[in-house]
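2 protein chains.
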Amino acid sequence: MAVTLDALPRLKSALGRVRPVDPGWRHRAEVKLANLTKPPNSLGRLEWIAARLCAIQETLSPRAAPRWIVVFAADHGVTAEGVSAYPSAVTAQMVGNFLRGGAAINALARAATADVWVVDVGVAGDVGVAGDIDVTGSASAGSDASFRSRRIRPGTRNIAEGPAMSNDELAAAISAGFEMADAAATEGVAVLACGDMGIGNTTAASAITAALARASAVEVTGRGTGIDEPAFRRKIDVVTRALRVNRPGREPLEVLRTVGGLEIAAIVGAYLGAAEHRMAIVGDGFIAGAAALVAAEMCPSFLDYWFAGHQSCEPGHAVQLRVLRQQPLLQLEMRLGEGTGAALAMHLLSAAAAVINDMATFDSAGVSRRRDITEPEAAEA
Amino acid sequence: MAVTLDALPRLKSALGRVRPVDPGWRHRAEVKLANLTKPPNSLGRLEWIAARLCAIQETLSPRAAPRWIVVFAADHGVTAEGVSAYPSAVTAQMVGNFLRGGAAINALARAATADVWVVDVGVAGDVGVAGDIDVTGSASAGSDASFRSRRIRPGTRNIAEGPAMSNDELAAAISAGFEMADAAATEGVAVLACGDMGIGNTTAASAITAALARASAVEVTGRGTGIDEPAFRRKIDVVTRALRVNRPGREPLEVLRTVGGLEIAAIVGAYLGAAEHRMAIVGDGFIAGAAALVAAEMCPSFLDYWFAGHQSCEPGHAVQLRVLRQQPLLQLEMRLGEGTGAALAMHLLSAAAAVINDMATFDSAGVSRRRDITEPEAAEA
Numbered sequence: 001m002a003v004t005l006d007a008l009p010r011l012k013s014a015l016g017r018v019r020p021v022d023p024g025w026r027h028r029a030e031v032k033l034a035n036l037t038k039p040p041n042s043l044g045r046l047e048w049i050a051a052r053l054c055a056i057q058e059t060l061s062p063r064a065a066p067r068w069i070v071v072f073a074a075d076h077g078v079t080a081e082g083v084s085a086y087p088s089a090v091t092a093q094m095v096g097n098f099l100r101g102g103a104a105i106n107a108l109a110r111a112a113t114a115d116v117w118v119v120d121v122g123v124a125g126d127v128g129v130a131g132d133i134d135v136t137g138s139a140s141a142g143s144d145a146s147f148r149s150r151r152i153r154p155g156t157r158n159i160a161e162g163p164a165m166s167n168d169e170l171a172a173a174i175s176a177g178f179e180m181a182d183a184a185a186t187e188g189v190a191v192l193a194c195g196d197m198g199i200g201n202t203t204a205a206s207a208i209t210a211a212l213a214r215a216s217a218v219e220v221t222g223r224g225t226g227i228d229e230p231a232f233r234r235k236i237d238v239v240t241r242a243l244r245v246n247r248p249g250r251e252p253l254e255v256l257r258t259v260g261g262l263e264i265a266a267i268v269g270a271y272l273g274a275a276e277h278r279m280a281i282v283g284d285g286f287i288a289g290a291a292a293l294v295a296a297e298m299c300p301s302f303l304d305y306w307f308a309g310h311q312s313c314e315p316g317h318a319v320q321l322r323v324l325r326q327q328p329l330l331q332l333e334m335r336l337g338e339g340t341g342a343a344l345a346m347h348l349l350s351a352a353a354a355v356i357n358d359m360a361t362f363d364s365a366g367v368s369r370r371r372d373i374t375e376p377e378a379a380e381a
Numbered sequence: 001m002a003v004t005l006d007a008l009p010r011l012k013s014a015l016g017r018v019r020p021v022d023p024g025w026r027h028r029a030e031v032k033l034a035n036l037t038k039p040p041n042s043l044g045r046l047e048w049i050a051a052r053l054c055a056i057q058e059t060l061s062p063r064a065a066p067r068w069i070v071v072f073a074a075d076h077g078v079t080a081e082g083v084s085a086y087p088s089a090v091t092a093q094m095v096g097n098f099l100r101g102g103a104a105i106n107a108l109a110r111a112a113t114a115d116v117w118v119v120d121v122g123v124a125g126d127v128g129v130a131g132d133i134d135v136t137g138s139a140s141a142g143s144d145a146s147f148r149s150r151r152i153r154p155g156t157r158n159i160a161e162g163p164a165m166s167n168d169e170l171a172a173a174i175s176a177g178f179e180m181a182d183a184a185a186t187e188g189v190a191v192l193a194c195g196d197m198g199i200g201n202t203t204a205a206s207a208i209t210a211a212l213a214r215a216s217a218v219e220v221t222g223r224g225t226g227i228d229e230p231a232f233r234r235k236i237d238v239v240t241r242a243l244r245v246n247r248p249g250r251e252p253l254e255v256l257r258t259v260g261g262l263e264i265a266a267i268v269g270a271y272l273g274a275a276e277h278r279m280a281i282v283g284d285g286f287i288a289g290a291a292a293l294v295a296a297e298m299c300p301s302f303l304d305y306w307f308a309g310h311q312s313c314e315p316g317h318a319v320q321l322r323v324l325r326q327q328p329l330l331q332l333e334m335r336l337g338e339g340t341g342a343a344l345a346m347h348l349l350s351a352a353a354a355v356i357n358d359m360a361t362f363d364s365a366g367v368s369r370r371r372d373i374t375e376p377e378a379a380e381a
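One line per chain: the protein sequences are A and B, in this order. Mapping of the first sequence onto our numbering: residues 1 to 381, in sequence order. Mapping of the second sequence onto our numbering: residues 1 to 381, in sequence order.
Read the hints as simulated data drawn from the structure, not as lab findings. Quick reminder that beta carbons are idealized off the backbone N, C-alpha and C, glycines included. If a hint is listed, it holds; no wrong ones were tucked in.
Quick list of simulated restraints, FRET-style, between CB atoms: (1) A:R244 - B:T113: 47 to 57 Å; (2) A:G16 - B:R325: 51 to 61 Å; (3) B:R325 - A:D6: 57 to 67 Å; (4) B:F232 - A:P23: 29 to 39 Å; (5) B:A34 - A:P230: 15 to 25 Å; (6) B:P40 - A:L5: 37 to 47 Å.
Work the whole structure out from these sequences, hints included.
Structure representation (structure tokens):
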């Protein structure tokens, strides 16, 4: 039996509480921006970001910090089909790498002054959490990442053969996401991003995207971590089989349950929880994009809180962004996940907040306003 | 008589000393990047930036700080033709705003942890430097910008009627730029950007671009700070007249002297000085882009040091980038100048340096490498 919202009370209540942002705040922000010492709209998308932050936070002095990047990690039974260039063991190994601070997301989060959380919602192997890692749930300054173990099962089942997870497993994964959004809200987080780690998860994201974007497997399947031609052909076939075997339909929760992943489901929960708490949410790449598709399908107002951080080279990400009608902030030919694209885009949110918070007005700075010139200016010295 | 390099000894020697970067360093950087815990090339242009930084600095541990944004300010006699939406007085007023920390570049430089320098190379009005501004030339933590007065003349002459400046004035403006690059080198600056302030300067930049890119006035002229339709038509006519009256030819220094601006000439000097000192240089918008065209025309190796920071909405900027064969790092529909686009792009240089400096290798992190999969992985639990 397909999962129903009644089995997911927290999700159900969040869907009722995510409110569209008030366009009045955006308008007031635009008025404020127009009085700052620069030609109108000359900061382009930075002004658009600033106005959106104002509307999200219902203020004309928006914050872009504190910020968290929550990386959800899980394995995928579909790796048995040979769809990834890396063995599944890498998921657990990379969790260890996150916790020791050696991964790309650690380097980029430090550069973005964002805290990194790693949540195991379904890793198959031993993540080797050592004694020096803070597993109590409180972010500590000295550690490179904080960790929570919320393992639901050791990876999804193989989506080429049947559903990825049960109703209960889906509910638990979504709840793990809400839990992190709630923790972020308690800490006063203003900007939240989610990242992913899971060998095989581009296959699941392709299947979700095909189902929800009404696209073919060929359109939404890419080379992930960099597979060769035979593996790429196999991957397209696996996505096709997953959709044929599971017949997920177009109901987003059922798509997520049957052809999704535990980390993708957790991101859906974190996204909707963050929107409920009125945080700005920065999207990442193709995996987080699949979660954004699911969230937006269930709750269109979610997109009022979500920024398309970057566009990955995975072809399915362009399909997602087209369906979501979002233009990415960055296009840097990245395809790593982990939240790395979001970490880079966070700089733009800080910059936008700095502009609207810190710039002088024409009046305060004694700078002349523009005129409507119809005549040449009198000749000067 | 057209200006010759013999009248510009510092420029002449710099042109001989800017060396192409050694591709061997770039290759070694790519090898280092390939061993870090991520799929090969999965950080896209960030890896490209990192490898370029390595080649510029001849190291595998590149720095992206300290960094300076040097804003050169000057007026333009061509404003007498009615080509701007703002009166010329705004140039001096904005210099005051920079020095009090109220302009967009101040907000964005703080967000990028870059020091701002403001150099008056030809402002027409009183810049109102107050007692609390550090005019000694040393950047101090408490002030929002440091200031140098190197005023050559109160704005250029009207390029629609004759040359913008004399040979001596051109030499002095270029020297002011070299002086700032030398000062930056003394302070160990790793990344330099130049910004501009000068009402009327998009007209000069359009004329330079038309001359050096062999393009028509219509192709390279935009609405600058936001002029109305009659002013826009007048501006195209003014660019056309400037090229007809001055007949600058295609010799970059003569183009710069006859239809350029004092701040644009100073940026040329700062750019070439920074390349000579092996700094990474971050390009800004259309005005700094005109300086990059001039610098690259005189010294193709300059481009080994220069990053196209962003693409402005000014149509002539796309023409410049096409001629320079550079793809911008950011496209955010900005058109402000001041160094604002460069300030945003500096974040990407920091992020790239963080990746190559701070990430673990597959070996150090105990993460399995990719395999060439030809067979599906053995089924997992």
